[in-house]
Amino acid sequence: MRITSKGFASTIAVMSLFPSSAWAIEKPKPQEISGKIKWIYDYEDGKRISRETGRPMFVVFRCER
Amino acid sequence: MAENFVCVRIQSMNGVNINQFQFEYDLTWMAFFQNAGGRTYVRYGGREDHDPETHLSQKSLLRVMRQALYLHKQNNVQPDNLYEPVAKTVRTPEDIPTMKKMMAKRKESCIHCHDVKVAQLRHLRDMGQLKKEMVFTYPSPSHLGIQLDPDVQYKVKHVEADSPAKAAGVQEGDLIRTVGGQRVLTLADMSRVLELAPKTGTLNLGIERNTSKVSAKLSLPNEWRKSNDPSWRSSTGILGPSSGFWGAKANANQRKQLGLGDGDLAVRVTFLWGKWTKQAGIRNGDYVISIDGQKTDMTIRQLQAYLHLNRNWGDKIDLIIRRGGKDLNVSMQFPDKPLN
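These protein sequences, in sequence, are chains D and A.
To convert, note that position 47 of the first sequence is 47 in the working numbering; the numbers rise steadily by one, no gaps.
To convert, note that position 45 of the second sequence is 45 in the working numbering; the numbers rise steadily by one, no gaps.
A hint or two may mislead.
[What the hints assert, rightly or not] With a Cα cut of at most 20 Å, we get these calculated PhoX-like pairs of lysine-lysine:
1. K88/A x K47/D
2. K326/A x K278/A
3. K27/D x K100/A
4. K27/D x K107/A
5. K27/D x K105/A
6. K166/A x K155/A
7. K132/A x K226/A
[To be verified] Have a look at the derived ranges for each label pair, beta carbon to beta carbon:
8. A167/A x T53/D: 45 to 55 Å
9. D162/A x I33/D: 40 to 50 Å
10. P30/D x K275/A: 34 to 44 Å
11. G293/A x R48/D: 53 to 63 Å
12. E3/A x E32/D: 14 to 24 Å
If you are wondering where the hints come from, they were derived from the structure by calculation, not from laboratory data.
Built from N, CA and C at the ideal position, the CB exists for glycine as well.
Please put together the full structure from these sequences, using the hints given.
The structure is reproduced here in structure tokens:
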């Protein structure tokens, strides 16, 4: 694998040539956040709701553990 | 404001398509505003070395939310697939060859954001292709002399003297509208463009100054991605050996007793795990006052990052330890290869 001059992001792109792994690790259950915001904890659900409601998505990556 | 959005909270990287969500995985918080198809309007997040929340504020977030709603009404997504990829394939963190081994050692199944970068760097290391500079991902425009207004993140708050930005004619108050042709609204947008910028060369800025549109050509000097204090990056640990001890900076009273000033290195050893550290004779309660010739004040994270970035496995370094009022000169021989 060649590392291009465009840095780490390109490295990631090159690494995407690896075949998808059959290995998967159980996804942890979401730790629901109480408050005024009703959070969706699954990205595909978020896309579906976005399509249905016409609202844009606000996608937050945040480790809670 | 949040009620105008479908708010999605992703708490682990398990199963996330990293062909689509490419960002600074060393961060602990990052956000994307997207349409239902997963196309991005704007990114929000990022930090400077000295403070994780330099560009996270309620004011700036509300501003970006309003901008995202406006762009959404126009379906004005980022057009360039280079900067905001439209992932045609799915690749998850679990597909990184080193991830399975990493996670096998964990009690919990959560793949953290920083795990993704660590696994990728570890894979490159295993293949003999890791370079220390690879840890400096998603650079801030401050590396080029541009300090952005934390609340209006496309506005230049300050231009550093003797910087590429100064040389290019960037001025305080300038509104940076595009970088490399890409629309930018936030620090995170700019860092994304900078991530894909070349190691050296130039980068065009589209600027709004008063009522005029001007352009500036930024020179990218050698090693422009490097920053002074990458100790917040968990991923530096892949680059080189660690001290094999953990510790805490001496407080004011301890420094007084040691006869050391605020600017002097004084890290009290609180935990030892390295076989090489124990072989060097270092003990809990020792004060490290010099390591590899470094005598200026550092946190334990900065001390570790210094070694990760400046030393290699198999190297031998000298330390000065203060124990019971006496200074001891010790040598530490790092293992020949990474332990994991």
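Each hint tested on the structure:
1. For the proposed pair K88/A and K47/D, the alpha carbon gap of about 16 Å is at most 20 Å, so the pair holds.
2. About 19 Å separates the Cα atoms of K326/A and K278/A, which keeps this hinted pair within 20 Å; it holds.
3. With a CA separation close to 14 Å, the supplied pair K27/D and K100/A stays within the 20 Å bound.
4. The suggested pairing of K27/D with K107/A holds, with an alpha-carbon distance near 13 Å, which does not exceed 20 Å.
5. Our distance criterion of 20 Å between C-alpha atoms is met by K27/D and K105/A, whose separation comes to about 16 Å.
6. This hinted pair checks out: K166/A and K155/A have alpha carbons roughly 15 Å apart, not beyond 20 Å.
7. The straight-line distance between the Cα atoms of K132/A and K226/A is roughly 10 Å, inside the 20 Å bound, and the hint therefore holds.
8. In this structure the hint that A167/A and T53/D lie 45 to 55 Å apart at CB holds, the actual value being about 48 Å.
9. Checking the proposed 40 to 50 Å range against D162/A and I33/D shows it holds: the Cβ atoms sit about 45 Å from each other.
10. In this structure, P30/D and K275/A meet the distance hint of 34 to 44 Å, their C-beta atoms being roughly 40 Å apart.
11. The supplied range of 53 to 63 Å is met by G293/A and R48/D, whose beta-carbon atoms lie about 58 Å from each other.
12. Distance hint check for E3/A and E32/D: the Cβ-Cβ separation is about 18 Å, which falls inside the suggested range of 14 to 24 Å.
When each numbered hint is compared with the structure, no violation occurs for any of them.
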